[in-house]
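Chains as they are written, first to last, in my numbering: chain A, 38 to 672; chain B, 43 to 310.
Honestly, the hints are just simulated from the structure, not real lab data.
Take the hints with a grain of salt, since some may be wrong.
To be verified - Pairwise CB distance ranges, derived in the manner of DEER restraints:
no.	chain 1	residue 1	chain 2	residue 2	range
1	B	139	A	403	37 to 43 Å
2	B	59	A	626	35 to 41 Å
3	B	232	A	596	39 to 45 Å
4	B	140	A	401	51 to 57 Å
5	A	475	B	232	29 to 35 Å
6	A	284	B	139	38 to 44 Å
7	B	204	A	173	52 to 58 Å
8	B	175	A	284	42 to 48 Å
9	B	280	A	653	32 to 38 Å
Glycine is no exception: its CB is placed at the ideal position from the N, C-alpha and C atoms.
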Amino acid sequence: MLTAVVVFIYRVTFLVRCLRLGKSDYRGGFGWFKGIEHRLVSLIKYVFAQIRVYRGDLYAGISHSLIFWSFVILLPEVFESVMMGIFPDFSLLEYAGPLLFYIYKFLQDVAGVMAIVGVAMAIYRRYVIHPAKIENTREAFIILLLISLVILTMFSFSGIYLSIHYSNALIMPVSQVIANALSGLSLNTKQILYQVFMFSHNFVLLFFFSYLVFTRKHLHLLTAPLNVFLRSLKPVGEISYLNVDSEGTLGAGKIEDLSWKHLLDLLCCTECGRCQELCPAHLTNKLLNPKKLILDLRENLILSGKAGKSGGPPLIDDAPPSIPAEAVWSCTTCAACVNRCPVFIEHFPKIIEMRRFLVLTEGKIPKDVIRILRNLELFENPWGAVEKHFNWLTEEKQGGDLLIFLGCSSLYNPRVSRVSLTLCELLSEAGIKFEIYEGVCCGDPARRLGNEYLYQLFARKNIEKFNEYRGKKIVTICPHCYNTIRHEYPQLGGEYEVIHHTELIHQLLKSDKLKPTKHLNLSVTYHDPCYLGRYNSIFEAPRGILASIKGLRLIEMERNRLNSFCCGGGGGRAWLEEKGQRIYVERVKEATALKIDKIIVACPLCLIMLGEGLKEIEKEKVEILDVCEILRKAI
Amino acid sequence: MKSLNIIVCVKQVPSPEAPPSVVEIDSKELQVRVRGLPPEINPLDGTALEAALQLKEAHGGKITVLSVGDRLSEGVLRKVLAAGADELITVQGEELNDLDSYATALVLQRAVEKIGKYDLILTGKQSADWNSEQTGLILAELLKVPAVNSVKKIEILDEEALLTTVRSGGYDVVKAPLPLLVTVTSELGELRYVPLTALKKAREKPIKIWKIEDLQLDLSKLGKRKVVDLLKPKLERVCTLIEGRTPEEKGKNLAIKLHEALRTLSSK
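Go ahead and model the full structure; you've got the sequences and the hints to work with.
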């Protein structure tokens, strides 16, 4: 017993030392207290109700919940059993009163059965179904074995207890079966067996708990609830602010350059593989796999913890436990990993920190990334373009309380500029006055490619301009601009009301200011842009617009809304060369398999990427349109 | 192998990546102006610096960057220190505006002699503004050191260098004794990406500024580049639709049109 406690404390101290390597975080001190109500709700939803464990994997969800709940129920039993080992006369009966005690004893047997069913399901899943996303490690086997032993020893312990103290306790049906089987033995033998069973149950229990802290995956029993409680309450689209004037390393080149919360993330990974199931990089065989990212970083953390401050391996290097630079550049920041993780690990924000290190501190970056950063530096847009394609006669449309922000794609990409023009036409049609601001790049590509310095330069330029238009609502056709202005500009003091054009048009339709009259006999599918859907939960406005068009049939792709599959253009990747299997090709294959006439999008980058995809698979008869463009055809 | 003292000569030029729409030609003042884009280090001189940095990484030593001109931008040139050069020396003055290649080489010669010891002088094969390909070679002549031009690979042996040069249809491998002047081509690779932290650190490094007086130069010897005329070529676009009943016929007619156009062009 004492050994178990000492071993447990020893290891926990080590793990805490690992965490203390990390930098401070906004949750430091009593920072976590802010928004405590959300934190408690998170605990209920994601720990007790296990909502995210069910998402996308019902079988695993049931199996896991059975085991989880049985353990929650069995906590008093564990306490009682260990206490009985120390004080032989201890009984919960004295403290709980008979009613509660007998109800609990019934539940205890139920929980035992739940655990056995859960473990059986888990064994079947692991060794018979064996989904690709999970690995059958020795550790997983040992844990399943230990859980079974905990339950079996519990039943035998309560069985022998019943056979000594009660003649027939229907309240504990399973234990009673064991009691009946033992009833023929002499009292003396029973007394010995009692001691043996109690000892073995307690031994397995203590072994289980002290083994837990040495495991990788199963450490999550202790860390996951903490991580859920301390989870980021900021929008997923808000990348953390970096003071580029600060001394020393910018970004993360060593494990200790990450915040302690990022490190806690690493210690609670359950290796469930949900993060990789929708990862565009992983599904097109890139070097990046979000699960492997976390597992490699975890090994890095443990090695760094053993080595002490700055003695650990580098974060970015070719072989584990470092992350290859190629993997770091493969991420599209689509946030499918973060969105699916049942324990709220933040995968891609760690990648952004590593990119910051590569760009701002080390300067070792691939040529195509250098080109984009250079374009941004010189031309204030990632296209490296000077010739503006957008052309709208602004003189007549002064005033109004809308400000259309034209980002880089609207200004410099001829195809996207047509979308912005269509928006202007629709607004004029509805009799809405607006003004136009031809901005510099919103900063999204610079920031997500790790150049925080350039991002802040651009953001400040735009903020200055927005302040001149104070009071106006900012409209943008680009979910990336939308996300950056809405969630990231406040870090630099720019707080504005921002609306995506699909929301605006949807409102105009609802208030009858726009009336689609024409019948369009077409089948379409709608592709949810990551930065609009997953990032900002705008799923229904674009669908509402499509539903307002008579004759139009919307056929959903299998991966839609929260489960939408990235076009490959986020995180600055729209301007970079994609090697090997193309993400955008995969997505247009999925779309065109539905035998549709048009693919509808609501993001300039998706428009460009998926347009490329259609060319590549030679399905150019399928047209790709922005939501507002198809509406324009119906008016 | 001994460590190397390398001098890299760099020129500040108007941004060579500026698209035609922002390049303004002032035919009266006979000047080219680029609207909205800062000047840059001549890309091939950047390549020369990259080569120097790689040699320093391999052999150790010191890199001194030397630049001559009028209105040199500290922000632009400081980048060489951030990239890893040890020292930056500029020779500045109004009288250094619009020097011809020979005059520039003269100023550089005096500056190099003032610096003193060196094993290798590296510079770009040509500058992105005037493309004369003269300065480097004249400088070598003035300094009385051997020069090898259009080099795409540099290897340093004990007291000599093994150089691979770009020639039309192939390459030469040349052996030359140190000290030596080498002009480099783009095959050697662009100057490395300079991260923000390095730029910040470079802010504290000093820049040596020499005046024309410091070099005891006879101003009258410095020839100026005389620009006679400066014009932007006229870009004409004419759209002609090619007639024909079938795609094959259209193709044939297009070929005839192209052939005729080529003939009229060459006859002019």
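Cross-check of the supplied hints:
Evaluation of the 37 to 43 Å hint for residue 139 (chain B) and residue 403 (chain A) yields a pass: the beta carbon distance comes to about 39 Å. About 37 Å separates the C-beta atoms of residue 59 (chain B) and residue 626 (chain A), a value consistent with the hinted range of 35 to 41 Å. Hint check: residue 232 (chain B) to residue 596 (chain A), Cβ distance near 40 Å, so the stated range 39 to 45 Å holds. The hinted range of 51 to 57 Å is not satisfied by residue 140 (chain B) and residue 401 (chain A), whose Cβ atoms lie roughly 39 Å apart.
Between residue 475 (chain A) and residue 232 (chain B) the beta carbons are some 31 Å apart, a value that agrees with the proposed interval 29 to 35 Å. Taken as a hint, the range 38 to 44 Å holds for the pair residue 284 (chain A) and residue 139 (chain B), whose Cβ atoms sit roughly 40 Å apart. A hinted range of 52 to 58 Å for the beta carbons of residue 204 (chain B) and residue 173 (chain A) is consistent with their spacing of about 57 Å. For the hinted restraint 42 to 48 Å between residue 175 (chain B) and residue 284 (chain A), the CB-CB distance of approximately 44 Å keeps it satisfied.
For residue 280 (chain B) and residue 653 (chain A), the Cβ-Cβ distance of about 34 Å falls inside the hinted range of 32 to 38 Å, so the restraint holds.
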